[in-house]
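**Q** Residues per chain, in single letters:
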Amino acid sequence: MDTFLSLLLERAKKNPDAPALRTKQMGIWNPTSWSQARDQVSIMAQALSQNGVEAGSPVGIFGPNATDFYLGYLAVQSLGGVVVPIGTNTFGDELAQQVNGADVGVVLAFEQQHVDALLECGQACVKRIFYINGRGMENYTQPELMALSDATDGIEASAAYLEQMEGQRNPEETATILFTSGTGRSERPVELSHGALIATARSIARRETITEKDELLAYLPLSVSSDFLFSFSLALTTGCTLNCPESDDTVLQNMQEIGPSILFGPPYVYKYIYTHASNRIESARSFDTKIYKAALRAVMTVASHRAAGQKGSFTDWLLFMFARITTFSPFCNIYGLSRLRLALTGGDAIAPDVFNFFRAIGVDLRETYGQVEGCACVTMQSSEDWNSDSVGLPLDDTEVRIENGEIWFRGPGQMKGIYKNPEATADSIKDGWVRTHDAGHLDDQGRLHVHGQIARMGSLNGGGAFASDMLETRLRSFEYIKQAIVIGDGRDYPVAVVTVDGTITRTWADRRSLRYTGYADLSAHASVQEMIREYIQKVNEDLAENSETSGMQFRRFAILNREFMASAGEVTPTRKLRCHEIEEKHRGLIDALYSDALEYTYTDPVDEESYTVPLGNV
Amino acid sequence: MSTGNPILQIDNITLAFGGVTALNGISFDVAEGEICAVIGPNGAGKSSMLNVINGVYVPQEGRVVFKGQDCTKMRPRQIAQLGMARTFQNIGLFQGMTVLENILTGRCMKIRSTWLEQGLNIGRARREEVENRRAVEEVIEFLHLQGIRKTPVGKLPYGLQKRVELARALVAEPIMLLQDEPMTGMNLEEKKDMSCYALEINREYGTTIVLIEHDMSVVMDISDHVVVLDYGAKIGDGTPDEVKNNQDVIDAYLGVTH
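Those sequence lines, one after another, are chains A and B.
Going by the working numbering, the first sequence opens with residue -5, and the numbers climb by one from there.
Going by the working numbering, the second sequence opens with residue 66, and the numbers climb by one from there.
Calculated from the structure, these hints are not laboratory results.
Take these hints with a grain of salt, some might be off.
Derived lysine-lysine pairs resembling BS3-like cross-links, with alpha carbons at most 27 Å apart [to be verified]:
1) A/K18 x B/K220
2) B/K175 x B/K215
3) A/K18 x B/K175
4) B/K215 x A/K18
5) B/K132 x B/K175
6) A/K532 x A/K570
7) B/K256 x B/K215
8) B/K256 x B/K309
9) B/K175 x B/K138
Let the hints inform the model, and build the full structure from the sequences given.
**A** So, in structure tokens, the structure goes:
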């Protein structure tokens, strides 16, 4: 039975010179070997221990995906402490909630911006704040502040210290507290043990034979459970290298430089690449566009055959291979996907068109399904699944069952419980099974199909069934629609509030010489409205074909004057929409959609300006 | 940061173009380590003053003394070698080159190797290449330019180009930095960023900064010392507070009935 500390010590002994982490400094990628990692962890652990961190203490790790932080995780865990990762863009109430919710006493912050955010939210439980980057910190006099370099000054690396600590650790200990994303329910701190995380990561690694030769890119906010599993846990269990990007706005560039072999991304990442590519094609010369479209048709034909389980003709296959070699191999190279042998997505439903696109061009994209309560991954598709409707088979030793339409699971990767909340724990875990609050079914091959959150399913007036999540995924398939929220439970008909993707819609508008001043003006433009309406009409036609969904056709829609934003509390760190908050905030707009009004004027609290949102009939 | 010792002395400078007198008997001192702002309405002679300081114009009368050396008659390149760098009002970058390459040009004063060594990549050339690249990377990090390292400058928005220009001046490790209207054409947020960078450069590297600006509010917040010019004459010289209460300055800015 292993803990993260024992995995580190084992790696440092077995291949001390292999790169554990890599980060870009001074424009050059610098590796940290496993033995260097062990030495740095031992120094940091001693410093933390001198500052009162002991078994069971929650320690906040607050900042970007820095190598020092992943080493910090290990330092905290080697003392038996609990890591509470906090994403770099967290501030205000959200930060206070996380700091308080997990009783964080010591925080390892990255730089001035993070220290400021902590001091501003003024939580009394925080007794000590370490910072890594001292730039701009000369004039801070608060007694709780301390530079990490001052704390580690004079401490010597000692493998023996870590070995002694290892003897006191056991895999049942809590490794981390992560917060549920809170799209439906309120955010809750979930305790995950070393054993659960390691078992989940090993299960994935066994299936996909992940080895120390693989390269990962850690770019998701630290607070996201997928980062903890697919970056930190996977790197330690398999010994592959974890690459940390230079900064937030260089992720795509860094991805191209590193060429990761394994990548996890929420659906928005793949949608971004898909839209980015469509945008570039939209603005290319017409000859190039024609070639690209022909190549895309060739690969999509074969992909749709495979998804339907049919055998295509030899000519189709020949064209498919030709298109892949001539068009999509360079395409993958541009986006840093050419070395990618396993692409994973999860956390939200991916739009079918986006999924099909990546499978067709040769990226082995798989859907996964899991919550924080199950270490972020419970089921995973295999390479043969060419269809995005299932999320695949459960991981090793994990079982999934359906009770009254709700998905429940149990296995080695399940959570210990909700931190300091026995009632919530008892509500979530019944007879050893963990509830997911999602609806779904299992098919004859044992694969899981997810329908959406139970809280977001309902019925229309008149009795027709209604599923918001499914409808939203359909809308988001369109590259011009960035976000979509669908309302309809207890109403007469479904309506949609969508936001358009600024970049590609601008290119589209420029090609047609439309006049507009900015995003808000563009989104209210009659031509943009017409384009979105045409797409929704197409969705309606698809819905009408199936008797189960024919009652869910859209009647009205609105294009919002801005995107839903994290800073307005409308979006989670993985860019899922917080539907509840959005419905509250935009109640006036939604009510207007259920009237005959053709426009809705309101004052947006974000910038306190007045906007007129046109309302469209489909 | 200021030590009080004058690093730059402007002594009775007069500059005329034909019949037009751009500067008329201007004198002031800039102390080591301070941020000195030269302000004034349009056409007051601010840019001419800067051009005299770094040797682009040779004044008809008066002396410019930098680090105790008379450099009135020196050429811009010689003055740059003494440790003076500048940025321009209209951006003077190589539009087709990347950000990294543009900043690297700021290191040309530091190159000692010959073209032969550089061509063969041996000896000093190799060592210098590494040194120069490190210096550039430090500045890139300091001014947060990591995301656009490889982007051609022509593709960047105006505010970022200004920042790249500042990076190029900074990479020469100047003792003194001249900035010609670093904040014109910027929005409020960009102006704030730019003022923060000026303060940080001053604090981190101890660089003396002389900047020209006509937005009074920005200048008053960051400078230690303000010199006011109007129609080629000096009408104010002192701390921001002193200058703010100077009647001549108020008149020049708000206008008076004559």
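**Q** Regarding the pair B/K215 and A/K18, is the alpha-carbon distance no greater than 27 Å?
**A** holds, 15 Å
**Q** Is the hinted pair A/K532 and A/K570 satisfied, with a Cα-Cα distance of at most 27 Å?
**A** Holds, because 25 Å separates the two Cα atoms, which is no more than 27 Å.
**Q** Does B/K215 lie within 27 Å of B/K175 when you go C-alpha to C-alpha?
**A** holds, 23 Å
**Q** So if I understand the rule, the pair passes when the alpha-carbon distance is 27 Å or less; does B/K256 with B/K309 pass?
**A** holds, 21 Å
**Q** Are the Cα atoms of A/K18 and B/K220 separated by 27 Å or less?
**A** holds, 24 Å
**Q** With the threshold set at 27 Å, check whether the alpha-carbon distance from A/K18 to B/K175 stays at or below it.
**A** Given pair A/K18, B/K175 holds - Cα atoms ~26 Å apart, limit 27 Å.
**Q** Holds or violated: B/K132 and B/K175, Cα atoms, limit 27 Å.
**A** Distance ~19 Å between B/K132 and B/K175 Cα, so the pair holds.
**Q** Does B/K138 lie within 27 Å of B/K175 when you go C-alpha to C-alpha?
**A** holds, 23 Å
**Q** With a cut-off of 27 Å on the C-alpha distance, tell me whether B/K256 and B/K215 pass.
**A** holds, 25 Å
Going down the numbered hints, you'll see the structure goes against none, and every one checks out.
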